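> Construct the complete structure from the given sequences, taking the supplied hints into account.
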Amino acid sequence: MSGRIGARATLVAPLVVAGLAVSGCVSSPTYGTGTTANKQLTTDVSTMFSLKPKRRFASDYAPRPELVKPTNPTTELPPPQESIVTASSEWPESPEQRRARIRADATENRDKRGWEPEVVNDIAVDTSSSKPKLGSSARGRDSGVAPAGGGEDLKKKGAQFREQLAATKQGSPTVRRTLTEPPIEYRQPAETAAADELGEDEFKKQRRLKAEAKKAAGGSSWKDLVPWL
Numbered sequence: 002m003s004g005r006i007g008a009r010a011t012l013v014a015p016l017v018v019a020g021l022a023v024s025g026c027v028s029s030p031t032y033g034t035g036t037t038a039n040k041q042l043t044t045d046v047s048t049m050f051s052l053k054p055k056r057r058f059a060s061d062y063a064p065r066p067e068l069v070k071p072t073n074p075t076t077e078l079p080p081p082q083e084s085i086v087t088a089s090s091e092w093p094e095s096p097e098q099r100r101a102r103i104r105a106d107a108t109e110n111r112d113k114r115g116w117e118p119e120v121v122n123d124i125a126v127d128t129s130s131s132k133p134k135l136g137s138s139a140r141g142r143d144s145g146v147a148p149a150g151g152g153e154d155l156k157k158k159g160a161q162f163r164e165q166l167a168a169t170k171q172g173s174p175t176v177r178r179t180l181t182e183p184p185i186e187y188r189q190p191a192e193t194a195a196a197d198e199l200g201e202d203e204f205k206k207q208r209r210l211k212a213e214a215k216k217a218a219g220g221s222s223w224k225d226l227v228p229w230l
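Note that our numbering has the sequence shown beginning at 2, numbered continuously upward.
Hints in this document: simulated from the structure, not taken from any laboratory.
None of these values were measured; they are calculated from a predicted model.
Not one of these hints is a red herring.
FRET-style restraints, in silico, Cβ to Cβ: (1) Arg56 / Thr31: 25 to 31 Å; (2) Lys216 / Val176: 46 to 52 Å; (3) Pro81 / Glu119: 28 to 34 Å; (4) Asp106 / Thr175: 52 to 58 Å; (5) Tyr62 / Tyr32: 34 to 40 Å; (6) Arg104 / Glu164: 42 to 48 Å; (7) Ala160 / Ala195: 27 to 33 Å; (8) Phe58 / Gly33: 23 to 29 Å; (9) Glu119 / Thr72: 53 to 59 Å; (10) Glu117 / Leu78: 47 to 53 Å; (11) Arg100 / Lys157: 38 to 44 Å; (12) Lys216 / Ala160: 50 to 56 Å; (13) Ala194 / Lys216: 31 to 37 Å; (14) Glu117 / Thr175: 44 to 50 Å.
In silico SDA-like links for lysine to any residue, alpha-carbon gap of 20 Å or less: (15) Lys215 / Glu203; (16) Lys206 / Ala195; (17) Lys156 / Ala167; (18) Lys157 / Thr169; (19) Lys206 / Lys216; (20) Lys215 / Phe204; (21) Lys40 / Pro30.
We put the CB at the ideal spot given by N, CA and C, even for glycine.
Structure follows, in structure tokens:
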């Protein structure tokens, strides 16, 4: 009895699945692809578990063309480039040879008095500060005390620094440094303008207004006895 029921179920199950698939294909929308959603799902599931190997299309490779060779082949290679020393008269010696010669000359004459090197350092070195001045001693230099005449140099440097600082500031009343700054004529105040008056200090003004408001309200404090505070 149970065998008959199982056989019937085996026969009926595919029919039910096929009926559901057909009904789904009829009623499901295609979304403009021409294939319903259920049919596409069935196809994807069946191909997922398919044991059949996928068909692979062989790539069509075209053979490579032959190499382009010169019409008149030459068997001799061009001669190598000549040395820069002999090829050009503007280079009597190579940079490496010049550097080696200058180093050898400096090593040989470094202990000679009055010898000057051929190559001068690009950075200007102030030799006046390294040479001791008359009237100065090693003890005074080591103690950090400025030698005689050092104060004048400091004053000159300070004046130069102030001039450079004033030149960098914008809004100079006498010089127009850039086009974005207004003309000098526009910076001159009018004759009736209070150009030299700085006005009242904001802190003092605030205290004065508070005191006047408190006094107008009828109050008084010990600060009324000391008006300059």
